[in-house]
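As given, the protein sequences belong to chains A and B, one line each in that order.
For the working numbering, add 80 to where a residue sits in the first sequence, where the first one is 1.
For the working numbering, add 70 to where a residue sits in the second sequence, where the first one is 1.
Just so you know, the hints here were simulated from the structure itself, not pulled from any lab data.
Treat the hints with care, as some may be off.
So the derived label-pair ranges between C-beta atoms look like this [claimed, not checked]:
#	chain 1	residue 1	chain 2	residue 2	range
1	A	Ser250	B	Gly647	53 to 61 Å
2	B	Gly408	A	Ser250	40 to 48 Å
3	A	Ser250	B	His164	33 to 41 Å
4	B	Gly674	A	Asp270	55 to 63 Å
5	A	Ser250	B	Ala339	26 to 34 Å
Backbone N, C-alpha and C fix where the C-beta goes; we use that ideal spot for every residue, glycine too.
Now for the letters of each chain:
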Amino acid sequence: MEPQSSSGITLLLRKVEGGDRAALDELVPLVYDHLRRIAHHRLIGERSDHTLNTTALIHEAYLELVDTDRAHWKDKAHFLAAASRVMRHLLVDYARRRNAYKRGGGRVRVDLDDRIQHLSGEHAEAIEDLHEALTRLEAISPTQSRLLEQCYFGGLTLEECAEALGVSRSTVARELKLARAWLACELNPDLVA
Amino acid sequence: MSKERWDEIRPLFFELVELESEDRAARLEALSESDPELCRRLKRLLTAHERADELLGSFEDLISRPEFEPFRVSPETQQPQSDPHGLIGRTISHYEVTGLLGGGGMGVLYKALDTQLGRAVALKFLPPQWSSDATLKERFLREARAAAALDHPNVCAIHEIGETKEGQLFIAMAYYEGETVRERLARGPLEVAEALDLASQAASGLAAAHRAGLVHRDIKPANLIVTEEGVLKILDFGLAKTDETALTVSGMTLGTPAYMSPEQTRGEAVDARTDLWSLGVVLYEMLTGQRPFRGGNLTAVIQAIRSEEPVPPRQAKGEVPAEIEALVLRLLSKDPEGRYKGMGMLSADLAASSRVLGSAKSWLHRLGPGTPWLVLGGYALFSWLVVLATEPFGSLFGLPLWSEQAVLIALALGFPVLIVTALAQTARKSSPSTGEDRRRLGWLLTWRNWLAGGVGAFALLATAMAGYTAMRTWGVGPPATLIAQGRLDARSEVVVADFANQTRDSLLGPALKTALTIDLAQSPAIRVARPRRIAAALRRMEEAPGARLDPALAREVALREGMGAVVAGTIGQVGSGYVVSVELMSPQGELLVAEREAAADSTGIIGALDRVSKSLRERVGESLRSLRSTPPLEQVTTSNLGALKRYSQTGSATERRIEPIEGALALDSSFAMAWNALAVALQNRGEDPARMMEAYSRAFQLRDRLPERERYFVAAAYHRRVTGDLSEAISAYETIVALDPGTEDDELTASALNNIGVLYLNLLQNARAQEFFERVLEQRLTRSGRPLDYANARFNLAAAQANLGRYDAAEETLREPMSRYVARGQAIPPPVFGALGTLAAARHDYKSAEPYWRTMQDDWTEDVHWRSEATAGLAALAAVQGRLEEAEQRAEEAMAVQNEHDLRARYFDGAIDLAMWNLLVRGDADEAMQILVTRLGDYSTAELHGFLERYPLLPAVYAMAGKPDQARALLAEFAAEFGGEADSRAGGENLPWQVAASYRWARGHVALAEADYEGAVSEFRRIETGCLLCPLPGLARAYDRAGRTDSALAVYERYVTTPSFWRLFDLDRFALGPALERLAQLHDERGDPDSAANYYARFVELWSEADPDLQPRVQAARARLEQIVTERG
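Given these sequences and hints, build the entire structure.
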């Protein structure tokens, strides 16, 4: 993909703000390559004991890709929302490969990237669990699924989530309470009331 | 769960979650009756909600930590509103609110008037939820009371904790006129003294608080106010964040995390040490004007706090004293354990630093403006000059290796004395001296004494150096060298054992051995045993050739071979560092020297090895001057350990593998030694000539990095192979010889001498060549008893002598060592027979030549190279005598062996021979072309070009076969590979000289085939180097065809009469018979029957046993000879 000029992304963000939801989907591929590149870079970095700091990464991407002088702070929320989705896919992809490796999944493959070793097994499993839970949640409550995606994979603040979802901050706070409770139930099937 | 179900649950959850527990239970009870399943789900969700942090905490941590910590609200939302509580103008309790001071997440601050006492106070109204949550409220009140009980000048006084009628909590505290440190910082960094003073006050206030069990938790510039009297007050005690998670859930703003301690950012339990951290951050900022942990956003700041080391304050701002930097960095220890044990200790340190600073300031000021800088600057300049001078001085006079350090220490000692003297002098100037003063030491501190002391110190140093050097040389005391003590002979041969490698990196051992060998080889005090010699010794000991040469085996080798010592190295790993140690021991196992150096990481290993090796060389007894002139190993080899590892994988010098050398060069393209090794390896293999020449060029460009002698070897090779400037090459070799005139027994010197001789041979200056070969062999004689293999020089000498026509001397030269071999019961080396055969053939004594090659062939059936050489010799002998069928049969036999064993250059020679016999002797061009196609058809152009000077023979065959156009095309293609001209008619001037000779030779034959006789003459006559005879038959033929019979006769005669050692293989095997025949005919035509008879006789004798198909020519000659003899009577 051609590298996108920062003004291009800023324009798309403007469109999102103007109510063009399709523009948000257009953003995803634009952000994808950039994030994948820096995520890979980070994952093959030397400090294998650290988990990937996705939030810092996404914020960095925003600074690099978006013309911050011209962008409104609301643009940032939309950008971060798109980036959260990308980050979810990237991390799930890594996690799957990591987990497949750990479980010796299927045939022995020798060409597995070294870099996936840098994702701890525990981390990889958590990511897969979260991804599956979010997919289930999406079927019954797309907004809450989105919200959790943005919080967990993008590290958005409540304000940013509110802006990205087009609802009030208090609504977001409320929905997040329920979504987290639901997730806690999902991840702890033995929990009794 | 279905979407419909979820849509039912969602509003119920939101409703229930807001209810008090009793109401909630009642509501759930009601729901349970109508829809028990729904109720169960809701209950479970509500429980999960209440325990969400506990249930999800570690999971959320795993997904990605920072976003679940208390920094959810972006700074943009923190703007204070004008009057959030609408209190201005109202009276609360006995406080009349007059204005807004500030506000934030922690509450809003108003200015008010205490109507009872008539003083200004600050009122802080706490967030409403604090008042509504009983637990929070309780905790807050407890802390606020403790804070109110604090009575300390550096802590803001709390007057009262009250509650409004609406139930909102507020605190009434002292109001100070002044500015906060935050406001002060907005104007830039503080003076060091000022910053320390403020930090000291803050530490004092905090110490008091900590003693009372209070932790502030939110020390930041905005919370430190400095009154107009300069007294610092800590604000907001007891208001600090108390429970991170509680705040997270409510989404509270906590402002900037920049001053938070790492443990705080992780939401861990914190103690008093978190205040130490925050104070450290504030102090850092006061000193430098910058925060130590910065970032574009909150998470970046947190990341920095947790894992990045701050830039040391002195780097951010130079005038910060070192002890204060240490203090700040100690406060900013990521691990709370690493910080001060308590505020009290910090206070003491800060106070001490302030005092030091105060006194430092005062003495600098006492010196008067300008003076200190003049004195310091002068001393710095002086020191710099002395340090600069030490190196060249040391090399010139061969000062001990520790001289530089000693000079540095002397200079460093002089400095404090200088300062004290300066102080004393100034003090004396300002206050006239008293008798009491004299009785103290003060009177000693004069400038004159300082100078005298300095001179004395350097004199002492010089004496120490002289004494050290003398003791070294005379073998007295600890500096005595091994050679001076007589424990090791000068120029002893030493064996370098394989490294004991205690690291996980198996390549490190060979790499270090390679480097150590390179360094030791530069020492004139010892000689490093060559790998070939050790391999031979191991063979004699019946050890496996690839056996690990551990110190024990190395000692055994040294003992058996009479070598002087063994060097054994060890590389070990200590944490991330390495230890390199090297021991020198006698063959009997006595430890002579042990040296050891450490490297902090792998990049320091080569440097450590260099130091170890240099120390070893010094202890052995190498002159200090020579030691100092040796460049460091990193320069001689490479500073890239990876490249060195690759290089050490390349095998012995004679059979280097190309791949690892290229690998080493890919890692370090300035690795001069590797370029040289690549060039030599390619040359030895006859591969990729263009790359070989490039490698020589690169090595030549980088030659300054090489050890001295290697440098000239590279220069010589470069001129020999690339520029073709043979006189430059000779002078480079002569420099090598001149470098060490006393010890010519060195193999490198010997090979330099040999190479000079070879170059003179190439320049056809046989007499000078002979001189140099004799010098090589003389050295061999001075070291009798050591079977050194200078066979090459011997054969070369024989060649020079034979070229001079001194056949008997040549024969004597070759036979001389045979008796020694016989006496020792050793087999005579095959080249001796080959050389004797060649010499006999040069004398046209083919009957004597044959037995040499037969013996060689029979004795060396096991060795394919020598056996095929012998067979090829017999083939040449048969061919020159016209026995072509036998020659062809033997040549085929040799070629089969050569083909099988990949002796490709020799195989190529064989194919060309077969073609030439058909062309020049039989005159069968079709057969010749057929041979080329069948024998060389499988070779690629690149491979054929790799044969370099041999290659032009191929196009020459095409030309002789009447295909000059094809010959031209082949030659042009060949020239282009060397960057030569594409135009095939140009002369090929860009070719390397050794290629140029045969290239011109081929071009001469092309011209001949095109009937351009003048062109051919000019090409042949321009061949001035290499092979003396080679152009002659072609030149003669050109004259002959041009009708210049006299010239043709003269050239033919020169060809058959000029002595030349290599003539059988250069030309005779296909040119001698036809030349004699043509000479006879030409004399006959010119009416010189005597000369004609002479050559007819020689021709008939030579070809007396020629093949039947050639016999008609012999019979014709014999008939004519008889006719002349009859006619002349």
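Taking the hints in turn, this is what the structure says about them:
1. Ser250/A to Gly647/B: 53 to 61 Å: holds, 58 Å
2. Gly408/B to Ser250/A: 40 to 48 Å: Hint holds: Cβ distance 43 Å, inside 40 to 48 Å.
3. Ser250/A to His164/B: 33 to 41 Å: holds, 37 Å
4. Gly674/B to Asp270/A: 55 to 63 Å: holds, 56 Å
5. Ser250/A to Ala339/B: 26 to 34 Å: Between Ser250/A and Ala339/B, where Cβ atoms are some 31 Å apart, the hint holds.
Taken one by one, the earlier hints all hold for this structure without exception.
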